[in-house]
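Asks: These protein sequences, in sequence, are chains A and B.
Numbering of the first sequence is given in the numbering used here, commencing with residue 1 and proceeding in unit increments.
Numbering of the second sequence is given in the numbering used here, commencing with residue 1 and proceeding in unit increments.
For the record, the hints were derived by calculation from the structure and aren't laboratory data.
Treat the hints with care, since some could be wrong.
As the list claims (entries may be wrong) - Have a look at the derived ranges for each label pair, beta carbon to beta carbon:
#	chain 1	residue 1	chain 2	residue 2	range
1	A	45	B	164	45 to 53 angstroms
2	B	54	A	3	33 to 41 angstroms
3	B	11	A	86	56 to 64 angstroms
What the hints assert, rightly or not - Chain B is nowhere near these chain A residues, computed Cβ spacing over 12 angstroms in every case:
#	residue
4	16
5	167
6	205
These figures come from a predicted structure and were not determined experimentally.
By construction, the Cβ of each residue, glycine as well, lies at the ideal position given by its N, Cα and C atoms.
Number of protein chains: 2
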Amino acid sequence: MILSGELPAGAQLAEEALAERCGVSRTPVREALRRLESDLLVTRTDTQRSFVADWSIDDVADAFELRAMLEGKAARRAAERMSDEALERIRAANRRLGEAIRKPVPDVAGFLEGNRDFHAAILDVAGSRRLAALLATLIEQPVVWRTAHHYGREALHRSYGEHEELIAAFARRDGAWAEAIMTGHILRAYHAYADAHRGLAEQSQREAAE
Amino acid sequence: MILSGELPAGAQLAEEALAERCGVSRTPVREALRRLESDLLVTRTDTQRSFVADWSIDDVADAFELRAMLEGKAARRAAERMSDEALERIRAANRRLGEAIRKPVPDVAGFLEGNRDFHAAILDVAGSRRLAALLATLIEQPVVWRTAHHYGREALHRSYGEHEELIAAFARRDGAWAEAIMTGHILRAYHAYADAHRGLAEQSQREAAE
DNA sequence: GACCTGAGATTTGTATACAATACTATTTGT
DNA sequence: ACAAATAGTATTGTATACAAATCTCAGGTC
Numbered sequence: 001m002i003l004s005g006e007l008p009a010g011a012q013l014a015e016e017a018l019a020e021r022c023g024v025s026r027t028p029v030r031e032a033l034r035r036l037e038s039d040l041l042v043t044r045t046d047t048q049r050s051f052v053a054d055w056s057i058d059d060v061a062d063a064f065e066l067r068a069m070l071e072g073k074a075a076r077r078a079a080e081r082m083s084d085e086a087l088e089r090i091r092a093a094n095r096r097l098g099e100a101i102r103k104p105v106p107d108v109a110g111f112l113e114g115n116r117d118f119h120a121a122i123l124d125v126a127g128s129r130r131l132a133a134l135l136a137t138l139i140e141q142p143v144v145w146r147t148a149h150h151y152g153r154e155a156l157h158r159s160y161g162e163h164e165e166l167i168a169a170f171a172r173r174d175g176a177w178a179e180a181i182m183t184g185h186i187l188r189a190y191h192a193y194a195d196a197h198r199g200l201a202e203q204s205q206r207e208a209a210e
Numbered sequence: 001m002i003l004s005g006e007l008p009a010g011a012q013l014a015e016e017a018l019a020e021r022c023g024v025s026r027t028p029v030r031e032a033l034r035r036l037e038s039d040l041l042v043t044r045t046d047t048q049r050s051f052v053a054d055w056s057i058d059d060v061a062d063a064f065e066l067r068a069m070l071e072g073k074a075a076r077r078a079a080e081r082m083s084d085e086a087l088e089r090i091r092a093a094n095r096r097l098g099e100a101i102r103k104p105v106p107d108v109a110g111f112l113e114g115n116r117d118f119h120a121a122i123l124d125v126a127g128s129r130r131l132a133a134l135l136a137t138l139i140e141q142p143v144v145w146r147t148a149h150h151y152g153r154e155a156l157h158r159s160y161g162e163h164e165e166l167i168a169a170f171a172r173r174d175g176a177w178a179e180a181i182m183t184g185h186i187l188r189a190y191h192a193y194a195d196a197h198r199g200l201a202e203q204s205q206r207e208a209a210e
């Protein structure tokens, strides 16, 4: 509900109300809230009231910056540990991604799926449960999720191309190269988001002026 | 209980049993287990059974490596954002730490407290809730916690000295320097642990041979 | 008019009961 | 002797009740 925008930033999340809305009791709702809180999608006051977290543009920059560092690290480790089988899995994920964006109407859902598989496979090869756990809290974010839908065709193809370059780094087992590409890949995604966000903000400002 | 070793690695954590042991009902125990799981102190099987996580030396290395990266990043950000007041707070924390270790019998608890305040103050200045959240899952670990008790006097003084060097980097607002010192500081702590661990392992091996 | 106070409403914390699922060990069939 | 089936036990998932805390807002005080 938060990801889809159904629950706006700042909305209070009372356990009873959510329970009724979801048709379950408070117990599972409580557990879900705790998990969302650890993902920073939900914040709690000092008196334990829950609210949908308000993500300022600075928070988003913060998240992307950390994600760039951690995914870069994962790419380096993955390159150093890469097996031929794993490399083939990663290639396959990017092939699927490539097919999705070459359709007459780009298949954004297919792109997102291939993208997720691609990054998950790398994280898998990196072989650090802890790194995976840290990244898990950074990837399922409203912002990341909604960004791809604003991507134009050339942005999708640029992502695909960066993935291909990553694969080249993996094929050569070059950790430093892989880290550099991955860091740039994530930071480019951030700026794509920031630009789109600025554009949307200006647009809504113009609408308000009319 | 896990930190003190009262619950050994691999022990099953049944909610009912823990509840009785702690004199509460299953509900708060469940929440605690979920949190410990997200900190990787507890693992769950695919069928939701909880066990005390087994930390291999590789897992420990993994945790320290990530911690070194994240604390290094925090130090860099802190140096770039340092105010005079915050710098004084950090200096004060290290003064307390220094007093604790200069006593006739080093006050390890005092050292740990000063150390925690020192790192917390830096994280505070770094000003990234997200970075703080990620690091929180890495610092409260059985391993980190038990290591300081094996420190000799010179190891404690080396920590103090590295903190002083960090303060010098902060005073000059030199992010790159602060990051380098901090990364080294954490990695040195890791090797202190690894050496002690190796020593303990050999010792218990000798004892078994007798 | 600003600020405290307290009763009622709201919300969260905990205990407990029962249902659903997973595990263990014995039995049964081959 | 070994594997599959099964009954009984153990464990977790969910619902619900009540206690504790927090919040809201009307009414009073300075």
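Asks: Give me the numbers of the hints this structure contradicts, sorted from smallest to largest.
Replies: When the structure is compared with the hints, numbers 1 and 3 turn out to be violated.
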